[in-house]
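Engineer: Now for the letters of each chain:
There are 2 protein chains.
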Amino acid sequence: MTDRDPIAAAHEQWVDHGWSDAADGMALITSVTRAHQLFVERIDEVLRPHGLTFARYEILRLLAFSRRRSMAMSRLGSLLQVHATSVTSAVARLEKQGLVERRTQESDRRVVLASLTPAGEALVERATADLNDAVFATPGLTPERVREATELLSALRSAHGDAVALPH
Amino acid sequence: MTDRDPIAAAHEQWVDHGWSDAADGMALITSVTRAHQLFVERIDEVLRPHGLTFARYEILRLLAFSRRRSMAMSRLGSLLQVHATSVTSAVARLEKQGLVERRTQESDRRVVLASLTPAGEALVERATADLNDAVFATPGLTPERVREATELLSALRSAHGDAVALPH
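From first to last, the protein sequence lines are chains A and B.
According to the numbering used here, the residues represented by the first sequence are 1 to 168, in order.
According to the numbering used here, the residues represented by the second sequence are 1 to 168, in order.
Isolated chain A (complex conformation):
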């Protein structure tokens, strides 16, 4: 087993054990996991000084994009493609940090809205500028290969049931 690339080494083992039909898929999925881990490390490093995780940043970002700086909790969950419980706990934490407020919608008291506070609005713009500079503008591939990779991942997401439209 080579030390150089654990994923290539695992691929070799898979083939050697007679699992050739699954070896390439294993290598792809393990590569996605590793790439995710590398990005999470870089993103966490940028967001930690702002007191944010990526999950909480994404909520602030969506609220800042919305016209009223506020959104139903259920809509946040569907846009972020995560469970309602994850949204609830992240928003509760953001509320404690003074970055978000929760209130019920006046026209329908069953709907809980999350709204950005002025502090949340200021913070998300600073965090976005830092993330753009330190991570998103330099993902590690040429612009052409970034698009190629995103296209392949879109096809992958689509195969797993995600609604997908390619960035243009």
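Simulated from the structure, these hints should not be mistaken for lab results.
Cβ atoms here follow ideal geometry from the backbone N, Cα and C, with glycine treated the same way.
There's no promise every hint is true.
[To be verified] FRET-style restraints, in silico, Cβ to Cβ: (1) Arg-103(B) to Glu-101(A): 36 to 42 Å; (2) Glu-95(B) to Ala-92(A): 31 to 37 Å; (3) Thr-142(B) to Arg-75(A): 32 to 38 Å; (4) Arg-126(A) to His-160(B): 23 to 29 Å.
For this one, chain A is given, so just place chain B on it according to the hints.
Structural biologist: For chain B alone, kept in the frame of chain A given last:
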């Protein structure tokens, strides 16, 4: 903001806000995150009945690949590219499950070895067969695009400092 694809919608917002130089990178990184999430869901579903997480499965798999069915904890960490503390807690859990045993190496008492038990060996083979069938053999892209995507992710990992050798 379109509802159809949250990542394409975010990309649009990024461009509209004047962050064009970071928009494609943001879409790629968010796509990696989402693809990871989709795979984790499928993998967890397969491993749950076996009482395993993917992290613990990977440890069993590496031990089963090794000649002596045993490996230094430090080597597990470097092959899995995770922190020593993560390996320690995963192995402690596997030990409680009766799937792994820890002992010090006789030639060097400072080295802690993790060894597969017969129960661990049997379980990892069943779990691998299930993962191969239900996930790895059907990653959601054509074989050619699977290889293309893995190659792009390898380039990405390499750009972030990973030692990379392409599967052949």
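Engineer: Now, for every hint given, state plainly whether the structure supports it.
Structural biologist: Here's how the hints hold up against the structure:
| no. | hint | in the structure |
| --- | --- | --- |
| 1 | Arg-103(B) to Glu-101(A): 36 to 42 Å | violated, 55 Å |
| 2 | Glu-95(B) to Ala-92(A): 31 to 37 Å | holds, 35 Å |
| 3 | Thr-142(B) to Arg-75(A): 32 to 38 Å | holds, 35 Å |
| 4 | Arg-126(A) to His-160(B): 23 to 29 Å | holds, 25 Å |
Hint violations for this structure: number 1 only, all remaining hints satisfied.
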